[in-house]
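Colleague: Start from the sequences, fold in the hints, and give me the full structure.
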Amino acid sequence: MSRFSRLSLSLLGAQLLLFPAIASAHLGTGAVGGFQSGFIHPLTGLDHIIAMVGVGILGAFLGHKARWTLPVIFPLVMSVGGVLGIIGFPVPYVETGIALSGVVIGLMIATGSKKIPLWLAGVLVAVFAICHGYAHGEEMPGAANALTFAIGFVLATGMLHLAGIAIGLLEKVRYGTIVLRLIGLGIAILGGCFLFGIL
Amino acid sequence: MLILPLAFLLALLPETAAAHNAFGDMGGFNNGFLHPLTTIQHVLALLGLGAVLIFNRDKGDRALAGVLLGFIAGYAAAVMAGPFGFAPAAIAIATIVMGLTAASGHKLRLPLLLALVTLTGFSMGMDTGDETATLGQHSAFVLGACISLTIVQGYALWTAMAVRKDWQKIVVRIAGSWIATISLLYVAVEFSAKK
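Going line by line, the protein sequences match chains A and B.
Going by the numbering used here, the residue at position 105 of the first sequence is 105; the numbering climbs one at a time, nothing skipped.
Going by the numbering used here, the residue at position 161 of the second sequence is 161; the numbering climbs one at a time, nothing skipped.
To be clear, the hints were calculated from the coordinates, so they are not data collected in a lab.
Since this is a predicted model, take the numbers as computed values, not measurements.
By construction, the Cβ of each residue, glycine as well, lies at the ideal position given by its N, Cα and C atoms.
Worth double-checking, as some hints may not be accurate.
[Unchecked claim] Simulated pairs of lysine-lysine, PhoX-like, Cα-Cα distance not exceeding 25 Å:
id, chain 1, residue 1, chain 2, residue 2
1, A, K65, A, K115
2, B, K169, A, K172
3, B, K107, B, K169
4, B, K107, B, K59
5, B, K59, B, K169
6, B, K165, B, K107
7, A, K172, A, K114
8, A, K114, B, K59
9, A, K115, A, K172
10, A, K172, A, K65
11, B, K107, A, K114
12, A, K65, B, K165
13, A, K114, A, K65
14, A, K172, B, K165
15, B, K165, B, K59
[What the hints assert, rightly or not] Per the computed footprint, the stretches of chain B lying under chain A, defined by three or more beta-carbons under 8 Å from a beta-carbon of chain A, are:
id, segment
16, 64-70
17, 179-185
[Unchecked claim] Covered stretches of chain A, as calculated for chain B (at least 3 residues, CB under 8 Å):
id, segment
18, 150-162
19, 190-197
Modeller: So this is what it looks like as structure tokens:
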């Protein structure tokens with residue numbers, strides 16, 4: 001290697017040392033940090049994920065109005081739970097409610113019954129939404145930008161519902177109902193594991 | 001031998017000057033024009049307003065033009081009357097009402113629609129009033145913002161006319177619930193932070 005190339009390599013090496021490294025250990029702050037924190041928040045807990053996807057599947061499974069009513073009810077009521085969590089209003093048995101949401105929603109799908117009244121499904125989903133919202137509200141980081149955090153949080157939650165609705169559309173294909181009922185059973189079992197502290 | 005030019009190229013990589021506002025000195029009109037489009041709260045309120053208009057598009061051209069005028073009038077009145085100091089909360093509350101109305105999918109009576117839209121315009125104007133008081137750019141800023149808002153509302157009305165299928169209305173209702181949820185959480189976080 002010529003002396004000139006060695007000098008070039010040394011210069012390049014010195015410059016690379018000047019590039020800043022991102023400290024990944026901390027929650028982001030500001031607008032972008034808030035969005036990132038909010039978007040990731042609902043995706044980091046399996047108990048939340050199965051319930052959100054379960055709501056979407058249940059809506060699609062029950063069909064007609066339930067397909068959109070449940071995904072509309074859930075975020076709205078969840079925000080009420082979120083407000084309770086943020087202001088620190090005591091709500092008992094939140095974690096039990098979250099675990100139960102997986103069990104109940106999973107079993108509702110697993111039974112394969114389409115005769116569940118919409119009002120009953122709506123009330124159950126609303127009660128569970130309070131628990132999920134409360135847990136998220138309580139854990140909301142103070143450093144993040146409130147508005148962008150909320151946008152990221154709601155978008156991620158909504159996308160989990162939409163994913164559930166998309167999975168629920170399997171009902172229209174052959175053996176799809178069986179697959180959905182098995183998925184419902186899986187959600188119920190996972191919920192049970194959270195309920196009894198196995199997970 | 002390619003390493004040396006590469007080293008120089010790396011040295012020339014630009015860095016963003018993050019210390020300054022992106023459009024700080026471009027003049028009052030530009031600031032005003034961009035203000036409703038670059039402030040997240042305003043964008044959310046405008047989305048909520050558009051969603052409400054979708055369910056009320058059968059009110060007729062004159063009525064909808066009146067609603068649009070009411071919005072702009074409310075906006076301009078608040079800018080002139082300000083600063084108020086509690087604008088973010090006012091916009092968020094207006095956005096919650098808009099989102100809930102859209103999520104319900106109900107048609108509103110014309111006087112109620114007009115009042116709701118005008119109050120939303122007023123709440124957005126309160127925020128702009130605070131902004132212009134800080135910047136010292138009044139007339140040009142308001143003119144730019146009003147033109148920008150008229151274009152956005154015109155676009156919202158045009159979009160509203162295009163939404164006809166049931167699934168599109170369902171998407172709008174779900175979006176309305178998201179808009180209300182975001183604003184409610186925002187209000188809660190803001191108020192709890194101030195406590």
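Colleague: Does K165/B sit within 25 Å of K172/A, going by the straight-line distance between their CA atoms?
Modeller: 21 Å, holds
Colleague: For the pair we were handed, K115/A and K172/A, check the Cα-Cα distance against 25 Å.
Modeller: 18 Å, holds
Colleague: Can you tell me if the segment 179-185 of chain B counts as covered by chain A, using C-beta to C-beta distances under 8 Å and a minimum of three residues?
Modeller: holds (count 6)
Colleague: Under a C-beta cut-off of less than 8 Å, do 3 or more residues of the segment 150-162 of chain A approach chain B closely enough to confirm the stated coverage?
Modeller: holds (count 6)
Colleague: Could you grab the alpha-carbon distance between K107/B and K59/B and see if it respects the 25 Å cut-off?
Modeller: 9 Å, holds
Colleague: For the pair we were handed, K114/A and K59/B, check the Cα-Cα distance against 25 Å.
Modeller: 38 Å, violated
Colleague: Regarding the pair K107/B and K114/A, is the alpha-carbon distance no greater than 25 Å?
Modeller: 30 Å, violated
Colleague: For the pair supplied as a hint, K65/A and K115/A, confirm whether the alpha-carbon distance does not exceed 25 Å.
Modeller: Roughly 13 Å between the alpha carbons, so the hint for K65/A and K115/A holds.
Colleague: Below or equal to 25 Å on CA atoms is what counts here, so check K169/B against K172/A.
Modeller: 22 Å, holds
Colleague: Between K165/B and K59/B, is the straight-line Cα distance small enough, at 25 Å or below?
Modeller: Roughly 18 Å separates the two Cα atoms, so the pair holds.
Colleague: Run the distance test for K59/B versus K169/B: straight-line Cα separation, threshold 25 Å.
Modeller: 17 Å, holds
Colleague: Holds or violated: are the alpha carbons of K165/B and K107/B at most 25 Å from each other?
Modeller: 16 Å, holds
Checked against the numbered hints above, the structure violates hints 8, 11, 16 and 19; every other hint is satisfied.
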